[in-house]
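Fit chain B to the supplied structure of chain A, relying on the hints for placement.
Protein chains: 2
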Amino acid sequence: MRKVEIVKFDLSSRKFETFEDCVAEEKPFHIFINKKHYVTILCSPSNLKELAVGHLLSEGIAKSTAEFEEIQIKAEGTCKIKLKQNVNLEERIKLFKPFSRIILSACGSTSPHQYVGKLPKITSNVQVKAEVILESARRLNAIAETFRKTGGVHIAAIYKTDGTLLAFAEDVGRHNAVDKAIGASALNKVNFAECFLTLSGRLSGDIVLKAARVKIPILASLAAAIDSGIALAKDAGLTLIGFARGKRMNIYTFPERILS
Amino acid sequence: MRKVEIVKFDLSSRKFETFEDCVAEEKPFHIFINKKHYVTILCSPSNLKELAVGHLLSEGIAKSTAEFEEIQIKAEGTCKIKLKQNVNLEERIKLFKPFSRIILSACGSTSPHQYVGKLPKITSNVQVKAEVILESARRLNAIAETFRKTGGVHIAAIYKTDGTLLAFAEDVGRHNAVDKAIGASALNKVNFAECFLTLSGRLSGDIVLKAARVKIPILASLAAAIDSGIALAKDAGLTLIGFARGKRMNIYTFPERILS
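Here the protein sequences line up with chains A and B, keeping their order. The first sequence begins at 27 in the working numbering and counts up one residue at a time. The second sequence begins at 27 in the working numbering and counts up one residue at a time.
In isolation and in its complexed conformation, chain A is listed as follows (with noise of 0.2 Å):
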C-alpha cells in the first residue's frame, strides 16, 4: 500500500480538489527453482515465502511442503527454492505446462480446459452449515484492510469447517491471493480435506483447478462463478459456491456438503 496525492473531482461542486490516497502496490516477484528462472509473477510484495510455496503447490510443481528443501526470500522480490532430490521439475512442468504462452482470462497460468475429466476426485465428505459460509465471506472485508483503503486488491481466507479463520491473504492478483493463502496453510500444517476457502474473486476454471489440486473439498466466492469453473469443479468433486453474499448464495455443484 502507497500514499499518492491525487485530485478529486465532485460534479455536485464542480471542484477539483487535491487529496493523499492509498493505492494498492503491485512489483515483480521472480522465482528460482534449482537455479533456474521458473516465473515472475506480479504481485502485492508481502507474504511472499506463502506466494512461492502455495504456486507450486496450487499448480502441481510440488506435492506437499516435504519436498521443499530449501526457501530463500532475497531482497528485491527474488525466492530461490531447492526441492528435494527425488522430485523430477522437468517432468512436472511438462505435465502442467503444455501450451507455451498462455494469457488467462485473468491470471494464473495453466489452461484449465486441458484438465476436465483428468483430476482425482475429492471424496472429503466434511459438510458446513450455509451460515458459516455466509459469514466467512461477509468476514473478507472485515479483516482486509488494504482491500478497505485502496480497493485494489482480491481478499482469500481459509476457514476450519466451523469457521475457525487459518489463513488470509490479500494481493493485486486473486489467484496471488489464493496462492498466499495455500501457502501459508500448508506451512502450518493445515488439513486441506477439513477445510474451505472464501474468496473475493471470480470462480474461473484457473481458480478451482488450484483448490482443486491440494484437495480442499469447498470453495466459496462473493464473486460469480465461469463455466470453466463449473466443469472442473463438477469433474473434481468439488463444491462450488458463487454470490456469497447477505443471506444468499448460488450453490452450482454438490450442495451436499451444505447444511441449511
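To be clear, the hints were calculated from the coordinates, so they are not data collected in a lab. Predicted model, so just to flag it, every value in this text is computed and none were measured. Among the clues, some could well be false.
One copy or any two copies: either way a pair holds, since identical chains are not told apart in the list.
[Unchecked claim] Listed next, the in silico DSS-like pairs over lysine-lysine satisfying Cα-Cα at most 27 Å (straight line):
#, residue 1, residue 2
1, Lys260, Lys29
2, Lys120, Lys62
3, Lys41, Lys186
4, Lys120, Lys61
5, Lys120, Lys106
6, Lys108, Lys147
7, Lys273, Lys175
8, Lys41, Lys100
9, Lys273, Lys34
10, Lys147, Lys186
11, Lys41, Lys260
12, Lys34, Lys147
13, Lys241, Lys53
14, Lys241, Lys175
15, Lys147, Lys29
16, Lys273, Lys108
17, Lys41, Lys155
18, Lys155, Lys62
Structure of chain B alone, referenced to chain A:
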C-alpha cells in the same frame, strides 16, 4: 453465456431451490502469426477478430492495422494472422517479451515495470467534460448484457470526447475486453488521439500500457488504480481516472484534460 442448473440457498427460509441461471463462458483462443503459435488466450468466445487485432496492437506486435496482410478466424477458436513482409516479428516479440514466463496480477502478458521511462509521450491535448466521463462509466452497465446476466465479465468501451460510443466489448478477462474494444475501433479506423477508454476493471500497469501503446490519451475506470498503473500513466502522459462512479471520480494523472 450459457445456462446452467444451480441450487440457490436463502438463509431467511433455510431452503435450497433449484434454478436455471446464466454463467459467462470461457474458451481457449489460439493465435498463430505467420504459421507459428504465438499465444493462447482464455476468453469469452465472441468478437475474436477484434480480440486478435486489438491484442497485437496493444502489445506492440503490430503497429497499425495496415501491417496485417490476412486475418482468418477458424472454427474451434483459432486465428491465423499473416503480417506484412516488412514486419520483423522476432524483433518485436523480443522487444516486448523479455521474460520467459510471466504471471500478471490479473493476466495480460507483459511486465509493465520495465517500461517506466521508456514510453513515447502522449501529446494529445484533447479535453473531456467530467460529466461525459461519469456518464460513460454509468453507461457501461446499461450496455453490458452478459455482465448484467452473469456478473462474470468485464466491460470496456471507447468513446469520442463528446461521449459518442465508438466500440464496446465484454470478456471474462479485463485485458481481453480492452483488447476487443481497441481492435474494433482500429478496424473502423478510429483516431485514438481523439478518444477515451472506459472500463470496469482495475487500472494496473499492463492495462495502462495497452492504452498508451495505441496512444489513447484518457483511461477511466469504475474500479481502483494500482501503483504500477499510475507510474506508467505519469510516464506516458496519459490521464488516469479511477472510481468513476455516480458524481465522483479520482484523477491520478494529468487532470488538465478533464473540464469541470
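Comparing the hints with the structure gives:
1. Lys260 x Lys29: So lysine 260 and lysine 29 pass the 27 Å test across copies only (15 Å; inside, 43 Å).
2. Lys120 x Lys62: both (15 Å within a copy, 20 Å between copies)
3. Lys41 x Lys186: Cα proximity of lysine 41 and lysine 186: across copies only (24 Å, versus 49 Å in one copy).
4. Lys120 x Lys61: both (18 Å within a copy, 23 Å between copies)
5. Lys120 x Lys106: Answer is both: 21 Å inside a copy and 26 Å across each meet the 27 Å cutoff.
6. Lys108 x Lys147: neither (30 Å within a copy, 43 Å between copies)
7. Lys273 x Lys175: The answer is both: 25 Å in one copy and 20 Å across copies each meet 27 Å.
8. Lys41 x Lys100: So lysine 41 and lysine 100 fail the 27 Å test inside a copy (46 Å) and across (52 Å) alike.
9. Lys273 x Lys34: between (35 Å within a copy, 11 Å between copies)
10. Lys147 x Lys186: For lysine 147 and lysine 186, the Cα distance is within 27 Å only inside one copy (21 Å; across copies 52 Å).
11. Lys41 x Lys260: The answer is between: 22 Å across copies meets 27 Å, while 53 Å in one copy does not.
12. Lys34 x Lys147: between (51 Å within a copy, 24 Å between copies)
13. Lys241 x Lys53: between (29 Å within a copy, 24 Å between copies)
14. Lys241 x Lys175: neither (33 Å within a copy, 31 Å between copies)
15. Lys147 x Lys29: So lysine 147 and lysine 29 pass the 27 Å test across copies only (25 Å; inside, 46 Å).
16. Lys273 x Lys108: Cα proximity of lysine 273 and lysine 108: none, with 46 Å in one copy and 53 Å across.
17. Lys41 x Lys155: This pair counts as between: shortest inter-copy Cα distance 13 Å, intra-copy 50 Å.
18. Lys155 x Lys62: Answer is neither; intra-copy 45 Å and inter-copy 51 Å both fail.
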